[in-house]
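Novice: Chain order of the listed sequences is H and Z. Using the numbering used here, you'd call the opening residue of the first sequence number 1115 and step up by one each time. Using the numbering used here, you'd call the opening residue of the second sequence number 5 and step up by one each time.
In case anyone wonders, no lab produced these hints; they're calculated from the structure. We put the beta carbon where it would ideally sit given N, CA and C, even for glycine. Any given hint could be a false lead.
What the hints assert, rightly or not - Restraint ranges, calculated between C-beta atoms of paired labels, are given here:
1. Z:Pro103 - H:Ala1275: 46 to 56 Å
2. H:Leu1286 - Z:Asp100: 36 to 46 Å
3. H:Asp1280 - Z:Asn98: 41 to 51 Å
4. Z:Glu78 - H:Arg1229: 21 to 31 Å
5. H:Lys1208 - Z:Val81: 35 to 45 Å
6. Z:Asp100 - H:Glu1265: 48 to 58 Å
7. H:Arg1166 - Z:Pro77: 56 to 66 Å
8. H:Thr1176 - Z:Pro105: 11 to 21 Å
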Amino acid sequence: MPRDVRFGLKSAGRAFMPGAGAESGVPVGRRRASSPPGAGGAAPVDPERIERLCAERGLKMTGQRRLIARVLSEAQDHPDVEEVYRRALALDSKVSIATVYRTVRLFEERGILERHDFGGGRARYEPAEHGHHHHLIDVDTGQVVEFQSEEHERLARAIAAGLGFDLADHRLELFGRRRPATAPGSGAAGRSSSAKGKGGTDGGPSNLRKRPTDG
Amino acid sequence: MSPGGRLAIVVAGDADARRPREEIAALPPRDTSTIARRCERAVVNAYRELRLHGVGDLAAFESCATLYRIHHPEAGVAEARRLAAEWIDHHVVNGDTGPTPGCECD
Chain H
1115 MPRDVRFGLK
1125 SAGRAFMPGA
1135 GAESGVPVGR
1145 RRASSPPGAG
1155 GAAPVDPERI
1165 ERLCAERGLK
1175 MTGQRRLIAR
1185 VLSEAQDHPD
1195 VEEVYRRALA
1205 LDSKVSIATV
1215 YRTVRLFEER
1225 GILERHDFGG
1235 GRARYEPAEH
1245 GHHHHLIDVD
1255 TGQVVEFQSE
1265 EHERLARAIA
1275 AGLGFDLADH
1285 RLELFGRRRP
1295 ATAPGSGAAG
1305 RSSSAKGKGG
1315 TDGGPSNLRK
1325 RPTDG
Chain Z
5 MSPGGRLAIV
15 VAGDADARRP
25 REEIAALPPR
35 DTSTIARRCE
45 RAVVNAYREL
55 RLHGVGDLAA
65 FESCATLYRI
75 HHPEAGVAEA
85 RRLAAEWIDH
95 HVVNGDTGPT
105 PGCECD
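In isolation and in its complexed conformation, chain Z is listed as follows (with noise of 0.2 Å):
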């Protein structure tokens, strides 16, 4: 799998309570390619497919910080859970702009 290609991980089983597919739908379509980072830019598009095709909310988010190690194997996974939590919620769940601390990578 590609960093840059599609997330084809996804972790199975999610019971928790999934955001409905519209509610995901429903968020401003973000033009991603803003972002500058390539890896914050996965996660992101990441997160938000996986969302709408179902994948609950806990899932999507352990599969996003296991991108994020893809992107950068020198990461632990803390890093990477903190860093795909502050991502995911800057622009998907509030849906901001500008600038996100992370990497220095672009």
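Chain H extracted, bound-state conformation (with noise of 0.2 Å):
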């Protein structure tokens, strides 16, 4: 029984169908935490750290992508681009998605957005610099589960050195099926109870810690 273990998901309602056309590529994805591992409850979204990124990397700030990088700011899953845009439209019906793409492309040049694929036709993106992590796609609903492991840490610096190697960076991308929930009281086994960092998932590594979330 895993122990330790932090929640790094919340719905969000809507579910992303990956075969259902990449038009409804919408991520349901998890709240993000900047509180280190282990504190309770998530930090407060920063609407203003994206804007603050490109002020800091000597971008230009128009009125567009301010708001674009509000959206991206607030967001709290992996939107893709045209989700992105629907969000930025309900603040500014004047903003174009070829703005957006223009936009986005160009944090993610600068190193302000981190590009994902999970599969589905279409890219989605997260701030860059928010700590070693690692995604676990459900495919059934397109969520995405940030998480961290030591043990695959240990594993990755391990093969790494076997190899004769000092690791620089690595990658984790799962690809899962959530388990049936099973009947209450009948053991361990079944969906994590693990909401509130109290229990953990059947059978999963002691160390396993998924991203902190205030859900």
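Both chains are sitting in their own frames, so use the hints and assemble them into the complex.
Specialist: Structure (structure tokens):
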């Protein structure tokens, strides 16, 4: 039974259907927290975080870039460009999809955003520099769970060392299907009850940590 | 449909917010003959015309990305969207002049 598991997934309501056309690629993601592992709750979202990063990197901020930066800063999932566009449109009906595409690409080129390809035909984005973590993608819903695993880190370093290398970086993407929940009282197996960081998944490694959430 | 001709593919049903025709019409009428690339001219003109005819932003954009791939069948979807976004944002949204990144064709 894993200990010290922090829940890193928060349903945002709409599901991503990988086979239903990329147009509906709206991920359901996690609520990000910037508090250190083990801390209770999540740090509040900073709506100006990306704008600050842009300023640090010498990017000229137009009104529309500022709007898109705000949408991305407030995102608590891993939205694709069209989802960013929809959210920006809700704030400013004049924003153009072309501007969103171009701006997101610019942010990625400048290292402000990190791009992920989790399948489904659309790239998804998250702010860069928010800690080393990996992703587990629910293949049925498109939910993206961020997690950290010390065991995996040790294994990756050991593999690299065994090949004569020092590990510089690595990425891990797991694609999974959620196990059906078991009846109450039937034992440890079944869905994680680690929403509040108390319990753990069945049979998972003891040092697996989901990214913290305020959920 | 010839690559240099009018865009005949229109994605219908775009209920997203549509920039009023008046706004598109009010944009400086760019002389796109100054754009060196034929595919870029086609994309920019197509976007303007589609929007003027009431097609939503998202649908017009996707149509223009498709138009680019008709000019460049070797290009992937991502590349087409990237360039369509670059050119539309540069020429139509911002009304900028000057060179743009893109393919090497003329």
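Novice: Decide, hint by hint, whether the structure agrees.
Specialist: Here is what the structure says about each hint:
1. For Z:Pro103 and H:Ala1275, the hinted distance range of 46 to 56 Å is satisfied, since their beta carbons lie about 49 Å from each other.
2. At about 42 Å, the beta-carbon gap between H:Leu1286 and Z:Asp100 stays in the expected band of 36 to 46 Å.
3. The hinted window of 41 to 51 Å between H:Asp1280 and Z:Asn98 holds, with their beta carbons roughly 46 Å apart.
4. Between Z:Glu78 and H:Arg1229 the beta carbon distance is about 23 Å. The supplied range of 21 to 31 Å therefore holds.
5. Between H:Lys1208 and Z:Val81 the Cβ separation comes to about 26 Å, which falls outside the hinted range of 35 to 45 Å.
6. Look at Z:Asp100 against H:Glu1265: about 52 Å separates their beta carbons, and that is inside 48 to 58 Å.
7. Between H:Arg1166 and Z:Pro77 the C-beta distance comes to about 42 Å, which lies outside the given range of 56 to 66 Å.
8. Checked against the given bound of 11 to 21 Å, the beta carbons of H:Thr1176 and Z:Pro105, roughly 19 Å apart, stay inside it.
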